[in-house]
Amino acid sequence: PFQDPSSHLIVGMHEKSISGLHFLQSEPILLTSSADNSIKMWIFDVADGSCRLLRQRSGHSEAPTRIRHYEDGETILSASLDRAFRNFSVIRDERNKELSQGHLQKKAKRFDTDMSEMKL
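1 is the number of the first residue of the sequence shown in full-length UniProt numbering; add one for each residue after it.
Do not take every clue at face value.
What the hints assert, rightly or not - List of simulated lysine-lysine pairs, DSSO-like, C-alpha gap at most 27 Å: (1) Lys97 <-> Lys107; (2) Lys97 <-> Lys16; (3) Lys97 <-> Lys109.
It should be emphasised that the hints constitute simulated quantities derived from the structure, not laboratory data. Quantities reported herein were computed from a predicted structural model and do not represent experimental measurements.
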């Protein structure tokens, strides 16, 4: 990203518009989510006060609408317009998990019923 020091504006953080911002408490870290379906973790540790990309996660098929960071420092939770809830590890990709209701759509179609009848 490019940061204009005169305006404190950071440009180029995502390919599309940013839909969410979340600063981590007592940390120089900013989480951003975007219409490009990604979640990025930025750290403000550069001498001139600008930020750099620390980590990036993707996987939603639509833009994330909510992002939260667990206090353990290793987990990001995200919800998206794709109706999926994701658990992202900032340490290891193999710990990433998705919880969604996609399986309910398949079952509802198979049993010729409305999906709302199958939800908990």
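Notebook entry, point to check: Is Lys97 close enough to Lys109, meaning Cα to Cα at most 27 Å?
Noted result: holds (25 Å)
Margin query: For a C-alpha distance cap of 27 Å, please report whether Lys97 and Lys16 respect it.
Written below: Given that 27 Å is the threshold and the Cα spacing comes to 25 Å, the pair holds.
Checklist line | Distance restraint between Lys97 and Lys107, which requires alpha-carbon spacing of 27 Å or less | finding: Holds: Lys97 and Lys107 sit about 21 Å apart, inside 27 Å.
When held up to the earlier numbered hints, the structure conflicts with none and fits them all.
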